[in-house]
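Enquirer: Now for the letters of each chain:
Protein chains: 2
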Amino acid sequence: VPRGRRPGESGSRERILAAARAVFAAGGYAEATIRAIAARAKVDPALVLHYFGSKEGVFAAAMEFPFDPAEVIPGLLEPGLEELGERLARFFFQTWDGPRGRPLVGLLRSAAGNQRAAEMLRDFVSEAMIGRLAAALPAANPRLRASLVGSQLIGAAVLRYVVGLEPLASASVDELAEWLGPTLQEYLTRAAR
Amino acid sequence: VPRGRRPGESGSRERILAAARAVFAAGGYAEATIRAIAARAKVDPALVLHYFGSKEGVFAAAMEFPFDPAEVIPGLLEPGLEELGERLARFFFQTWDGPRGRPLVGLLRSAAGNQRAAEMLRDFVSEAMIGRLAAALPAANPRLRASLVGSQLIGAAVLRYVVGLEPLASASVDELAEWLGPTLQEYLTRAAR
Numbered sequence: 249v250p251r252g253r254r255p256g257e258s259g260s261r262e263r264i265l266a267a268a269r270a271v272f273a274a275g276g277y278a279e280a281t282i283r284a285i286a287a288r289a290k291v292d293p294a295l296v297l298h299y300f301g302s303k304e305g306v307f308a309a310a311m312e313f314p315f316d317p318a319e320v321i322p323g324l325l326e327p328g329l330e331e332l333g334e335r336l337a338r339f340f341f342q343t344w345d346g347p348r349g350r351p352l353v354g355l356l357r358s359a360a361g362n363q364r365a366a367e368m369l370r371d372f373v374s375e376a377m378i379g380r381l382a383a384a385l386p387a388a389n390p391r392l393r394a395s396l397v398g399s400q401l402i403g404a405a406v407l408r409y410v411v412g413l414e415p416l417a418s419a420s421v422d423e424l425a426e427w428l429g430p431t432l433q434e435y436l437t438r439a440a441r
Numbered sequence: 249v250p251r252g253r254r255p256g257e258s259g260s261r262e263r264i265l266a267a268a269r270a271v272f273a274a275g276g277y278a279e280a281t282i283r284a285i286a287a288r289a290k291v292d293p294a295l296v297l298h299y300f301g302s303k304e305g306v307f308a309a310a311m312e313f314p315f316d317p318a319e320v321i322p323g324l325l326e327p328g329l330e331e332l333g334e335r336l337a338r339f340f341f342q343t344w345d346g347p348r349g350r351p352l353v354g355l356l357r358s359a360a361g362n363q364r365a366a367e368m369l370r371d372f373v374s375e376a377m378i379g380r381l382a383a384a385l386p387a388a389n390p391r392l393r394a395s396l397v398g399s400q401l402i403g404a405a406v407l408r409y410v411v412g413l414e415p416l417a418s419a420s421v422d423e424l425a426e427w428l429g430p431t432l433q434e435y436l437t438r439a440a441r
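Residue numbers (my numbering), protein chains in the order written: chain A, 249 to 441; chain B, 249 to 441.
One chain only, chain A, in its complex shape (with noise of 0.2 Å):
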């Protein structure tokens, strides 16, 4: 068994990054595990999870991810489900608009150009998002109505940033959260029909 570099040592994040994008793409989402990883890299489970916290966090970061969900996700959810909705538009935004948010835009395309990636993308999104949100749910359908969310921001994001269509590309944050957080918020607690 190699021995764990400690935090610190020159290079060893920068590797753990790069076995997490072979593991990622050799197996995906799903079966991707920390100490598969960690095996690759030659380093310490440990020191995995000391840089990245996580399964997500790592995988967050080899992509270059905007955000953790494992971080923003339990944030976005801590005030209650009342105006869930737009805290998650205004979120979603404020990210694609931010410079952290750039290389989205070329993960979107490569998932849809290609089945592996797209199928990479979607074990993320659906275990480290909308399963996260649909388990603050208490509504009946949690999984249904937290992909509901999941298509309204996708959409208007493929609109927004790939496709560039007026007057969506150069609307302000602030008449995207108000235009869609309500309709967000519908789908998270409306009561069924």
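Don't take every hint at face value.
[Stated by the list, open to error] Per the computed footprint, the stretches of chain A lying under chain B, defined by three or more beta-carbons under 8 Å from a beta-carbon of chain B, are: (1) 344 to 354; (2) 359 to 373; (3) 382 to 396; (4) 426 to 432.
Treat the hints as calculated values from the structure; they're not laboratory data. Even glycine gets a Cβ: it sits at the ideal position worked out from N, Cα and C.
Here the structure of chain A is known, so what remains is to put chain B in place on it, guided by the hints.
Expert: Just chain B now, kept in the frame of chain A:
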């Protein structure tokens, strides 16, 4: 000036479609004209209109788009704004789910991977569908409203048909219309806030 061929003359329809694909690919959707397509196919412009009705109709046929918006959108609008959201959702998912929906996944994929294809599809969707829908809306910001409708439908299509995210991927058209109908209706008709 080349003489137009008569309707029914063998091969002229296919020749127009090939010419249309070349003209759309070279200059994009917005710049293309019936006249340019006819010239390239060496037929009379009237023959292009005879077969396809409009530029939108030629584009839809050339790209194997499953319907001609110039025919379908007025039909959906005809009963009025009431329950328009549900009619749009139902038509959209019935079309994608049906046998003529299959080319749409390929269209989305090629648009995601190719800037020119994306612009072509954007300009078509923007003129032929969003523009036409917006023109029927009496409320403020009709184009933003129609784009939001498009964003929800596209997002649901990406997750259902391209990414295969459950439970969206196997939801019934009825279920989708029940969830998305009210969202689209809000976008179409809700009062400004």
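Enquirer: Checking C-beta pairs, does the stretch 382 to 396 of chain A have three or more residues closer than 8 Å to chain B?
Expert: This one holds; 5 residues, not fewer than the three required, reach chain B with a Cβ under 8 Å.
Enquirer: When I compare C-beta atoms, does the stretch 344 to 354 of chain A have three or more residues closer than 8 Å to chain B?
Expert: Answer violated; 0 residues pass the 8 Å Cβ test.
Enquirer: Do three or more residues from the stretch 426 to 432 of chain A put their C-beta atoms closer than 8 Å to C-beta atoms of chain B?
Expert: holds (count 5)
Enquirer: Does the stretch 359 to 373 of chain A contain three or more residues whose Cβ lies closer than 8 Å to a Cβ of chain B?
Expert: The restraint on the stretch 359 to 373 of chain A holds, since 7 of its residues have a Cβ under 8 Å from chain B and three suffice.
Checked against the numbered hints above, the structure breaks only hint 1 and satisfies the rest.
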